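If you read the sequences in order, they're chains P and F. Quick note on the numbering used here: the first sequence kicks off at 1 and runs consecutively. Quick note on the numbering used here: the second sequence kicks off at 1 and runs consecutively.
Quick caveat, the hints were computed from the structure, so don't treat them as lab data. Please note that a few of the clues may not be correct.
[What the hints assert, rightly or not] Rough simulated footprint, nothing fancy, chain F against chain P, three-plus residues with beta-carbon under 8 Å:
hint : stretch
1    : 66-72
2    : 94-105
[To be verified] Listed below are the simulated DSSO-like cross-link pairs for lysine-lysine, each with C-alpha atoms no more than 30 Å apart in a straight line:
hint : chain 1 : residue 1 : chain 2 : residue 2
3    : P       : Lys17     : P       : Lys78
4    : P       : Lys78     : F       : Lys69
5    : F       : Lys3      : F       : Lys69
6    : P       : Lys78     : P       : Lys15
7    : F       : Lys102    : F       : Lys3
8    : P       : Lys17     : F       : Lys3
9    : F       : Lys102    : P       : Lys11
10   : P       : Lys11     : F       : Lys97
11   : F       : Lys102    : F       : Lys69
12   : F       : Lys3      : P       : Lys15
13   : F       : Lys69     : F       : Lys97
14   : P       : Lys78     : P       : Lys11
15   : F       : Lys97     : F       : Lys3
[To be verified] One side of the interface only, derived from the structure: several residues of chain P facing chain F at Cβ under 10 Å:
hint : residue
16   : Val4
17   : Thr7
18   : Glu14
19   : Tyr18
20   : Gly28
21   : Ala31
22   : Tyr35
23   : Tyr48
24   : Ala55
25   : Pro108
Since the model is a prediction, treat every value here as computed from it, not as a measurement. Each residue gets a CB set at the ideal place from its N, CA and C atoms; glycine is no exception.
Take a look at the letters that make up each chain.
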Amino acid sequence: GAGVSQTPSNKVTEKGKYVELRCDPISGHTALYWYRQSLGQGPEFLIYFQGTGAADDSGLPNDRFFAVRPEGSVSTLKIQRTERGDSAVYLCASSLGTSPLVEQFFGPGTRLTVL
Amino acid sequence: DAKTTQPNSMESNEEEPVHLPCNHSTISGTDYIHWYRQLPSQGPEYVIHGLTSNVNNRMASLAIAEDRKSSTLILHRATLRDAAVYYCILRDVEDDKIIFGKGTRLHILP
Chain P
1 GAGVSQTPSN KVTEKGKYVE LRCDPISGHT ALYWYRQSLG QGPEFLIYFQ
51 GTGAADDSGL PNDRFFAVRP EGSVSTLKIQ RTERGDSAVY LCASSLGTSP
101 LVEQFFGPGT RLTVL
Chain F
1 DAKTTQPNSM ESNEEEPVHL PCNHSTISGT DYIHWYRQLP SQGPEYVIHG
51 LTSNVNNRMA SLAIAEDRKS STLILHRATL RDAAVYYCIL RDVEDDKIIF
101 GKGTRLHILP
């Protein structure tokens, strides 16, 4: 079956621009997570949704970052006024729930480069 | 959050078993031990998890020390495709998200 997909796979933008990154989770998965991964580091949690609502956004670095999941399926991560330090791979994951007994399925990521 | 300690990198020969160690001396009674791995240019993928007893699945085995302060991920016969970063993670039964460390980069030598 189809896994988690993310678009675009690569995004190059200029400092100060606005970007949107999209995540299509596995059908039926209620939980959706966003992570950010810098070179040589493990993924860093940003935000997760249970259904349509953001259940935990404690990992968002500042108010330039925002995410939505209006219909409880597709999610969009939005970054305003991008900075060079935002360059990273942005990973999305989905799961049937949030229990630690349930595995998370990750997408291939979107590589964001801010020039 | 309880933390884990893993070696930065390890090497192993192809077709030999690999034992990846993880220390978690501050583990609590409700922490599950999870392993994920990340192949080059891919997102992480689930490998295995356990609580107290050793676990086996098609990908690997998880050996958990009796005091639960350490565990070992065992790949029984490594292939070149197993070259990846392996993350050992603790998740409390109440945890709703994964906190990744830096993991162990496993190199497989042909």
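Hints, verified against the model:
1. 66-72: It is violated, with 0 qualifying residues against the three required.
2. 94-105: holds (count 7)
3. P:Lys17 / P:Lys78: 11 Å, holds
4. P:Lys78 / F:Lys69: 40 Å, violated
5. F:Lys3 / F:Lys69: 11 Å, holds
6. P:Lys78 / P:Lys15: 14 Å, holds
7. F:Lys102 / F:Lys3: This hinted pair holds, its Cα atoms lying about 11 Å apart.
8. P:Lys17 / F:Lys3: Status violated; Cα separation ~37 Å.
9. F:Lys102 / P:Lys11: 25 Å, holds
10. P:Lys11 / F:Lys97: 26 Å, holds
11. F:Lys102 / F:Lys69: Holds, at roughly 19 Å.
12. F:Lys3 / P:Lys15: 35 Å, violated
13. F:Lys69 / F:Lys97: 22 Å, holds
14. P:Lys78 / P:Lys11: 13 Å, holds
15. F:Lys97 / F:Lys3: Distance ~14 Å between F:Lys97 and F:Lys3 Cα, so the pair holds.
16. Val4: 7 Å, holds
17. Thr7: With a minimum Cβ separation of about 14 Å from chain F (threshold 10 Å), the hint on P:Thr7 is violated.
18. Glu14: Result: violated, 25 Å to nearest chain F Cβ.
19. Tyr18: At about 25 Å, which exceeds the 10 Å cut-off, the nearest Cβ of chain F leaves the hint on P:Tyr18 violated.
20. Gly28: Result: violated, 17 Å to nearest chain F Cβ.
21. Ala31: 8 Å, holds
22. Tyr35: Hint on P:Tyr35: holds, closest Cβ of chain F at ~8 Å, below 10 Å.
23. Tyr48: Status holds, d = 6 Å.
24. Ala55: 7 Å, holds
25. Pro108: 6 Å, holds
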